[in-house]
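Engineer: Sequence:
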Amino acid sequence: MIIVTLKEGDTIDKALKKLKRKFEKTGIARELRDRQKFTKPSERKREVQSKALYVQRMISKQMNG
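Going by this note's numbering, the sequence shown opens with residue 1, and the numbers climb by one from there.
Wrong hints could be hidden among the right ones.
Claimed, not checked - Derived pair list, reagent style DSS-like, types lysine-lysine, alpha-carbon separation capped at 30 Å:
no.	residue 1	residue 2
1	K22	K51
2	K17	K7
3	K37	K22
4	K18	K45
What the hints assert, rightly or not - Ranges between beta-carbon positions, derived for each pair:
no.	residue 1	residue 2	range
5	G65	D10	30 to 38 Å
6	S50	T26	43 to 51 Å
7	S60	E8	26 to 34 Å
8	G27	A52	37 to 45 Å
9	S50	V4	34 to 42 Å
10	S60	T5	44 to 52 Å
11	K17	R46	32 to 40 Å
12	S50	D10	40 to 48 Å
13	S50	R30	33 to 41 Å
14	G27	T5	16 to 24 Å
15	G9	Y54	23 to 31 Å
None of these hints come from the bench; they were simulated from the model. None of the values given here were measured: they were computed from a predicted structure. Backbone N, C-alpha and C fix where the C-beta goes; we use that ideal spot for every residue, glycine too.
All chains should be built: construct the whole structure from the sequences, respecting the hints.
Structural biologist: Right, here's the structure in full:
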């Protein structure tokens, strides 16, 4: 459970902002999205490899100009 403590005089907007930040840091939303459908281990591996290849290409483009 995520708990947000407020100081006296804090607005609800500030509290919501803190809650959203904590929610994102814990990774609950990402885990929920990942668990909505089953992905085979081979598909996960392929996705990780393609992301790594993409990042590597972007870095090489930046280095080469």
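Engineer: Do S50 and R30 keep their Cβ atoms within the hinted range of 33 to 41 Å?
Structural biologist: Taking Cβ atoms as reference, S50 and R30 lie about 18 Å apart, which means the hint is violated.
Engineer: Is the hinted range of 23 to 31 Å satisfied by the C-beta distance from G9 to Y54?
Structural biologist: Violated - the Cβ-Cβ distance for G9 and Y54, about 46 Å, lies outside 23 to 31 Å.
Engineer: Taking the Cβ atom of S50 and the Cβ atom of D10, is their distance within the range 40 to 48 Å?
Structural biologist: Taking Cβ atoms as reference, S50 and D10 lie about 43 Å apart, which means the hint holds.
Engineer: When you take the CB atoms of S50 and T26, is the distance between them in 43 to 51 Å?
Structural biologist: 27 Å, violated
Engineer: For the range 30 to 38 Å, tell me whether the beta carbons of G65 and D10 fit it or not.
Structural biologist: The hinted range 30 to 38 Å is violated for G65 and D10, with Cβ atoms some 48 Å apart.
Engineer: Taking the beta carbons of S60 and T5, is their distance inside 44 to 52 Å?
Structural biologist: 46 Å, holds
Engineer: Falls inside 34 to 42 Å, the C-beta gap from S50 to V4?
Structural biologist: 37 Å, holds
Engineer: Do the alpha carbons of K18 and K45 lie within 30 Å of each other, as the hint requires?
Structural biologist: The hint is violated at about 34 Å.
Engineer: Is it true that G27 and T5 lie within 16 to 24 Å of each other by Cβ?
Structural biologist: 21 Å, holds
Engineer: Would the hint linking K22 and K51 be met if the CA-CA limit is 30 Å?
Structural biologist: Given pair K22, K51 holds - Cα atoms ~26 Å apart, limit 30 Å.
Engineer: Between the alpha carbons of K17 and K7, is the straight-line distance 30 Å or under?
Structural biologist: Holds - the C-alpha atoms of K7 and K17 are around 14 Å apart, at most 30 Å.
Engineer: Check the hint pairing K37 with K22 against an upper bound of 30 Å on the C-alpha distance.
Structural biologist: 25 Å, holds
When the structure is compared with the earlier hints, violations turn up for hints 4, 5, 6, 7, 8, 13, 15 and for no others.
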